[in-house]
Amino acid sequence: MKMLSLGIESTAHTFGCSIIKHCRDDRHTSGNEFILSEIRDIYKASAGWGIHPRDASKHHAMVASRILKECLKESKVDIKDIDVISYSAGPGLGPCLRIGAVISRALASYHDKPLVPVNHALGHLELGIKLCNLDNPLTLLVSGGHTMLLVYHKNKWRVFGETLDITLGQLFDQVGRKIGFASPCGNKIEDMANLSNRNVLYSLPYIIKGNDVSFSGLLSSVKKLLEKNSINISDICFSLQETAFAIIVEAVERALAFTENKEFLIVGGVSANKRLSDMLQIACKSHNCSFNSCPLRYCGDNGAQIAWTGAQMYFSDPSFGIKPENAIVDQSWRLDSVFIPWR
Amino acid sequence: MPENPDLCVDTSVKIKCANRKEASMLLETLTADNINLPPYLGLNMNIHDEVFIIDLQYEKKNIIKENNINTLINTIDEIMEHIALARDVIKND
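Chains L and X are the protein sequences, given in the same order. The numbering of the first sequence is the numbering used here, which starts it at 1 and goes up by one. The numbering of the second sequence is the numbering used here, which starts it at 1 and goes up by one.
Worth double-checking, as some hints may not be accurate.
Here are the computed lysine to aspartate or glutamate pairs in the DMTMM-like style, where the Cα-Cα straight-line distance is at most 25 Å [said to hold, decoys possible]:
#1 L:K209 <-> L:E242
#2 X:K91 <-> L:E325
#3 X:K91 <-> L:D81
#4 X:K21 <-> L:D112
#5 L:K113 <-> X:D10
#6 X:K14 <-> L:E325
#7 L:K69 <-> X:D88
#8 L:K323 <-> X:D10
To give an idea of the chain L side of the interface with chain X (calculated C-beta under 8 Å), a few residues [claimed, not checked]:
#9 A64
#10 L107
#11 S109
#12 K113
#13 P324
#14 N326
Derived by calculation from the structure, the hints in this document are not laboratory data. A quick note: this is a predicted structure, and the numbers were derived from the prediction, not measured. Glycine is no exception: its CB is placed at the ideal position from the N, C-alpha and C atoms.
Here chain L stands alone, though its shape is the one from the complex (with noise of 0.2 Å):
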């Protein structure tokens, strides 16, 4: 049985509707052609700065209109004919999160659809399962919001290592803040660590405990370098990448180790990468394990994600759809605590 999904993202900077089409038995079916349009707008930052929550909402509000206009012109689908309709309820930006919401349940309320919350870290996950092709990979959720590792079991993902502190995401938008870019940043302080002449790694602090990680410190030493003028910005952003991914490709190499997992899968903005993907890749390929990624498109915020996801739990169990009245939000919603029947 086919059905089509509306998904609407909006935790962050991006505000992204997307339709997709979902057969209960296509699980295992590979390629991205269940995805019938997904449309994304994203906020930008004055250089300097990070994301102001309500000038991002803002943002989200006057876009989002033309936004599923287009979306529904792509797919050739009529509102009245989509099944479910998903939201991203967190974990996000509070100001952000409601429009999302407040259009869902808008659209929930006049068409009487169901209306099905999804965690947003989930929908990154869900969505690069189903791209990749994969069965159950130790995944690691690398992105602004989230630098998690995880595996699933029983019915929910366990972090297997986090980091304890700032994310990857944020180290490398508060880097490239105080260099003047804008956020997000971390392609910017890719394309500087590429202009490096590669013989300079400065010293900084490596942090982790178990398997998790911590950033803070090699923020505050990176920010103290960035203020010394008579070093070089790029060697500085080549130091910071080897750094933060050697901390990173540590964790996941005792997770791969310690689970023996044979499919890994990296998801999230920081996963196009590609310094990020060519360690991985070597520490994947030393423990005879396949490396996979997200494909570029879906790898940052999208609606998709959150399409597809919202799709699996309400045909799982349509007890997931809920009335408009009772789709709140949570900007602290954790992963872990998702419980997954369909999996």
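Given chain L, work out where chain X should sit, using these hints.
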């Protein structure tokens, strides 16, 4: 609400919708985000035929710079933004 507040503001917003279905949609859309408000804010929303009504009450003692009336203004601002957005998206199709 505090006894003998230093500042007390009652706000009422009435929005005439196209029909009762649209007014009902606004009520269902806005309810979930407007629970667990701070004790100095009171909010009541309901519908009367095709009119959507919001009553917002602000009462606060010991008004200081950090806790001023901006909370009320920002709450109304966000509610009005959400109303405009909800009405806009259902007109999309």
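- Query: Which of the numbered hints above does this structure break?
  - Reply: Hint check: 5, 8 and 12 fail, others pass.
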